[in-house]
Amino acid sequence: MAESPGNSVQLELPSLPSHVLQSAHLEALCHHLSKMRFGIEKEGLRVDANTGSLAQTPHPRALGSALTHPHITTDYSEALLEFVTGTHNSPKAAINQLEQLHIFASSVLEGERIWPLSMPCLLPDSDADIPLAYYGESHIGRLKTVYRRGLGFRYGRQMQTIAGVHFNLSFSDDFWLWRAALDTNPDISDIRGIRDVGYFRTIRNFRRIQWLIMLLTGASPSIDKSFRLLATDRFRISGRTRLSEGATSLRMSDLGYQSATQESINICFNQLDTYCNTLSEAVHQPWPTYEGLGLKDKNGFKQLNVAVLQIENEYYSSIRPKCIQQPGERPVRALINRGIEYLEVRALDLNPFAPTGITEYEASLITLLMAASALADSPFNSPDERIAIEGINARASWAGRRSDQRFDERSSLKETGIQFLAALDPIAESLNQAFQSDSFTGALEEARLRLAGTHPLLSEEIENTALKEGHLAFGLTRAHQHHDTWKTARLPPDTLVAMKKEAEQSHQSEIQITASNEGTFDAFVEAYINQP
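The sequence shown begins at 25 in our numbering and counts up by one.
Honestly, I wouldn't trust all of these hints.
Below 30 Å or equal to it, Euclidean Cα-Cα: the simulated DSS-like pairs (lysine-lysine) are [to be verified]: (1) Lys346 / Lys322; (2) Lys524 / Lys116; (3) Lys511 / Lys116; (4) Lys116 / Lys525.
Simulated from the structure, these hints should not be mistaken for lab results. All of these numbers come straight from a predicted model, not from anything done at the bench.
Given only the sequences and the hints, what does the whole structure look like? Please build it.
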């Protein structure tokens, strides 16, 4: 049990009820797990192939329209590529599509490489030289760029160059019905209600073990000095490289996607209505600092509004409930209208040793931990438990590998992780059967070996290499290696033709969207922000 500093609350690990994993239920569990679905979103900065500096070039036209292409787009910056797979029947199939997208993208990059690390490349001296993503002159395209302009004013553009992997997955309705039937007193009868309750059960448990996920997959212990720091005393300095010894994921720390303003938001992860209500309140609650920035300047909108959040996606969470949005629909409105369709796990750093940024080990491990989170009991979060979760995650991100980082008085973080993993063998074996693969028991065993110190943790490997080579040299060397991997690979001819056609069709779609603009942009922004 983890105790939050200055607080008496103790954080409990998710508990798997013994009856859920009884042998009589394992055949059904295997069947239901086989119906899981997966997708991956992977970000990566375009950088100059010689210097490792942030690319200043537009999004390559051959990759399609960043506004409308279903699989290749941009995130915050024009230089921040984002690859989005479709929905797949297994984690491996999603990674296979991610490989194809990288092969295609690398074939059109001239003098540039895809940066393999979560923490950024050589950044410009001025924030103004980090180009915002451009989505054309349609109202929705301009809104997306204004939103990014607002993020820059609020948090600085440098923070938005941090990249990661989002791992999406869903469980079938039959799984949620089966899991609900195992509860002693299920109190919901409609499938949408059961599904929403089940996904929030999973979210709460995921947040309780996020520290463990950072230990096992964290890959961002180092940064370059061009990433300007507020607290340099936390770092060991080696040339241009700054390292936090024992760190797992600076990306997930307060150096990365965290915000003092957002700490004031008490988003509730207990049920869908309270989640949507607390998130919506933040979109409509004025914030003095943002009021001081002003809504517009001589160049137009500086931000979409002066509230705590411009839109719901500004709230950074390690996991999100998701519903596919209709054109122009806000995320919360989609959830209210149709409920949760899948979960987006956002706590994964890029693995710089993997050409796609994610290996089958990480994908299998996250699948296993998410399945365990869905099966385990999950009491509602109290305000004190939320503080405890944030405290242990902060310690794990900055120094989780250090032996003095404790889960409680009896056990270190690593020891507690081994204890939690000890109960997961039946789930890993069921996943093996469900997907006809040994990758899940393999991932579980590898995780145990890493926590025990038999194999190094990923963040330890990266820290040692970055200390030896330097953050920039390490990243650029791997970027060239991965580029060479993709350049020597070949897409099937019909796949290549289809991908080129898809890119061109996306440009035509953008033209059609732009031609359909109605009314003023100001009116469009107001209508979008004030959706009921």
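- Task: With a cut-off of 30 Å on the C-alpha distance, tell me whether Lys524 and Lys116 pass.
- Result: 24 Å, holds
- Straight-line Cα separation of Lys511 and Lys116 no greater than 30 Å? 21 Å, holds
- Holds or violated: Lys116 to Lys525, with C-alpha atoms at most 30 Å apart: Distance ~25 Å between Lys116 and Lys525 Cα, so the pair holds.
- Message: Can you confirm whether the C-alpha distance between Lys346 and Lys322 stays at or below 30 Å?
- Response: Violated, because 36 Å separates the two Cα atoms, which is more than 30 Å.
Comparing the model with each earlier hint shows a violation of hint 1 alone; every other hint is respected.
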